[in-house]
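Going down the list, the protein sequences come from chains A, B, C and D.
Under the numbering used here, the first residue of the first sequence carries the number 1, and numbering increases by one thereafter.
Under the numbering used here, the first residue of the second sequence carries the number 1001, and numbering increases by one thereafter.
Under the numbering used here, the first residue of the third sequence carries the number 2001, and numbering increases by one thereafter.
Under the numbering used here, the first residue of the fourth sequence carries the number 3001, and numbering increases by one thereafter.
Since the hints were derived computationally from the structure, they do not count as laboratory data.
Where a beta carbon is used, it is the ideal one built from N, C-alpha and C, also for glycine.
A hint or two may mislead.
[As the list claims (entries may be wrong)] If we take Cβ atoms under 8 Å as the criterion, some of the chain C residues that face chain A in the derived model are:
#1 2042
#2 2046
#3 2133
[As the list claims (entries may be wrong)] Counterexamples of contact, computed for chain C against chain D with all Cβ distances above 10 Å:
#4 2119
#5 2131
#6 2226
#7 2245
[As the list claims (entries may be wrong)] Listed next, the stretches of chain B that the computed footprint assigns to chain C, with coverage defined by at least 3 CB atoms under 8 Å from CB atoms of chain C:
#8 1028-1042
#9 1068-1081
Residue-level listing of the chains:
Protein chains: 4
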Amino acid sequence: MVTTQITLVQIDNYGPWTVTPEPRREVDLQTLQSRLYADLSQQVGREGGYVFFTRFDNMIAVTNGLSRADHELIQESVANRYPVTVSMGIGTDPSPRVALADATRVLQTAGSAQDRDRREILGGDLLPEDDRTDGDVRIAHFDVIDATGTYTDRVDAFETFIAIEQGYAALMRHMHAEHDSLSFFVGGDNIIATCPDLSAADYEDAIAHVSNEVGVELQVGVGRGRTAHDAGMAAKHALEDCRHNGTRVERALPAD
Amino acid sequence: MVTTQITLVQIDNYGPWTVTPEPRREVDLQTLQSRLYADLSQQVGREGGYVFFTRFDNMIAVTNGLSRADHELIQESVANRYPVTVSMGIGTDPSPRVALADATRVLQTAGSAQDRDRREILGGDLLPEDDRTDGDVRIAHFDVIDATGTYTDRVDAFETFIAIEQGYAALMRHMHAEHDSLSFFVGGDNIIATCPDLSAADYEDAIAHVSNEVGVELQVGVGRGRTAHDAGMAAKHALEDCRHNGTRVERALPAD
Amino acid sequence: MVTTQITLVQIDNYGPWTVTPEPRREVDLQTLQSRLYADLSQQVGREGGYVFFTRFDNMIAVTNGLSRADHELIQESVANRYPVTVSMGIGTDPSPRVALADATRVLQTAGSAQDRDRREILGGDLLPEDDRTDGDVRIAHFDVIDATGTYTDRVDAFETFIAIEQGYAALMRHMHAEHDSLSFFVGGDNIIATCPDLSAADYEDAIAHVSNEVGVELQVGVGRGRTAHDAGMAAKHALEDCRHNGTRVERALPAD
Amino acid sequence: MVTTQITLVQIDNYGPWTVTPEPRREVDLQTLQSRLYADLSQQVGREGGYVFFTRFDNMIAVTNGLSRADHELIQESVANRYPVTVSMGIGTDPSPRVALADATRVLQTAGSAQDRDRREILGGDLLPEDDRTDGDVRIAHFDVIDATGTYTDRVDAFETFIAIEQGYAALMRHMHAEHDSLSFFVGGDNIIATCPDLSAADYEDAIAHVSNEVGVELQVGVGRGRTAHDAGMAAKHALEDCRHNGTRVERALPAD
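Build out the structure end to end from the sequences listed, making use of the hints.
Encoded structure:
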């Protein structure tokens, strides 16, 4: 049974900060955001979690395996090294969609994202250590079939980008609306989704939906694990199987 | 008159590298990609350029002000500090869309993005230093009107993300197809576009298109300058004017 | 009883790499080295360990709390993100000096630091998890009494540096030769030492030695703990006590 | 004729910040310091300058080629991305020692390094662009002859470190007192010095002094250039000549 622990990481009062006392240099903002994301990736990753950059000022993480103390340590470390602080809301549920909604509510209840006095909030419900199992997390790793041959080497870089971006937009909406899943573009032609228990048919359906809606052909590997990393590595190997076997969906879900 | 110099930065043979000899840890790939992007932002930014993360393995930059030697130095610096190398194609044109198409062709002609032997390509046409003017670059900085009040503080973080992502998807396609512009999501609710000479009506039209297509309400500040940074800072200030004046389009284009 | 686990981190074949095919840009080498150190600090720090930059191509870490798998993960992560790899030798002993000698031998036995084929070695003896206690690590945190008033604000920046450097050189040799301790300059006027069980008189003696030899006046806070972080935080608080009480040695070693 | 422009970079009020409201985690301080140094290396390096980490909270840079605007941009960029700010004093003189003394005085006159209200100072005398020549900077790059064979592969890592550290301590004092030069350990067994016009005999003398005082055998390559980078690359190549020729001093100073 899937039980996903989701953490919403929000930079406190970030919008106002970026234009106070006047607009800050864009390259510095880009550097700050992407390095903060890189650091969170490493820190959350140490315990097996995944962070997705999402909007950069609001990042979504799969944090099965991270305790409250782990979250506090990351907040402290950010405050020690950046000119900004972060709040974190945590939610836990069989449905990643519901878990994130719960996590969001923790922050919204504490105040606005642009409240100067709402800083370093940490709250919400964690998955108790004793309840954790090897099947808690499902990760689906999608990519575009032969993206290099179909796009990158053939059309211009923005047309390629539009195609991949459209594939992503169609998939993210469908997986959210129909399958309670949160899907994230992670670079190249790769999309990683955190999902509840879904059948092979559900994935076939999602791939067909994207193909029909925007004409982008996806394949997907699915894995399960105790942490996002465990599930994600299984998914990557399953995706390799798609490449080698010419299949569209491969699931590495032994003894479910 | 606008003359945009665009550089396409492509990590050499990146896809195969990420799965050789077997799939690499996702958190390390995310860290590598986002730090490389942060470094390029700083390096290109030193000369007034902007880099957009785009697909991370293919990044698009506005590089007015960067010479061929500046590009070479960045390639050397990347090779000295990362396990990967980058190729760069450069294009220069009144239309950013055409400039990028030219830049893409430089790399495609040299070989595939997944060619093991195509490494550290550098080619294409730069804007000669003597031809540069204070009006070479147009930057439009869009954001969502009251995104925090409308979305972030009200609906869950993924619904907010979907809304912003849809607004971006609609805008990027429209600006590319109708206005030869390249638009990039840069975090939060912000989209930055590099544009040719466009009228205020063109921007009104783009905003109306997004509103009609996906119901997301945008505003935009437009600036011009010798470099992306110069134009971008003017655009940011113009966007502040939108916020203060309640207007949808503000252009800081004196003495055009 | 102190039992220190020391890890020697050595960049593989680094010297030859820096000049192949010709000397690389110094600023890139400096950036590579200091970022690698920063990353290792965070990674080792997640489990409570301390890394010291030492010679940068050879870094020494106090790694109580890090398992063999933790070490492997760090090696993999470095290989995924840097153009170089690292080998690690581990030693465990009541004497930090002996632990490091053992750790060094692991690498020397496996081959030369400039052997092209000796890569990513990992070996040596770890402290078994079951044998760990809250008194395993002793950290002494030294600084120069009123360094700002005596030096930084009064003499030129290089004279200040020479004074602090001389104080460090005298202390590191004395603590190694007389007290089996490894002392590291960590920036500003701060020196952190990993020590065996030493008496207050031993620290008084070390401070007097430095005062007599080079005229630099030190104070020291000493802490103990299960990890370097635990011991180090206790030492920092003890050093604050020195500042407030005007004492030269403060030890936070309750219930030893 | 040598004319060195030296910049002293000082983190504002850093000591108090590290212990307010209570001592911050050492690994975060180490990460902050080393990343700030890495960033400054890249930023100063873009214009051909060198930064040395020195005490980390006080860094010394050779900044020939950097304008006042370049300095301001770096200050702004640091403030945008770090929880601390930096002040910079600049001095210009044929003697690096005098240039640094002048640079130090700029900051000392403006207030204490631990003054809460002294922030982002920028002052001092720059070398006018029109006065710059290809011989302005002299860089001497020292290393230990066969450090790997003599030390790294033979004795334990701390004994090696002590030897190299002693060699550095002896050299830095001698070069400062006798030859108005500023010498910095840059990792491995490498020391880089910024020097006035010195003869080959002066370098022979320095090497002999270190050999006599602490028994560490050095060799040195010397280069000149318009910037630290130009001079430093020439010095690196000259040092390669020492290695190949078995000589102790090589100078790449054509047509002085």
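Mind listing which of the numbered hints don't hold for this structure, in increasing order? Result: hint 3 breaks, nothing else.
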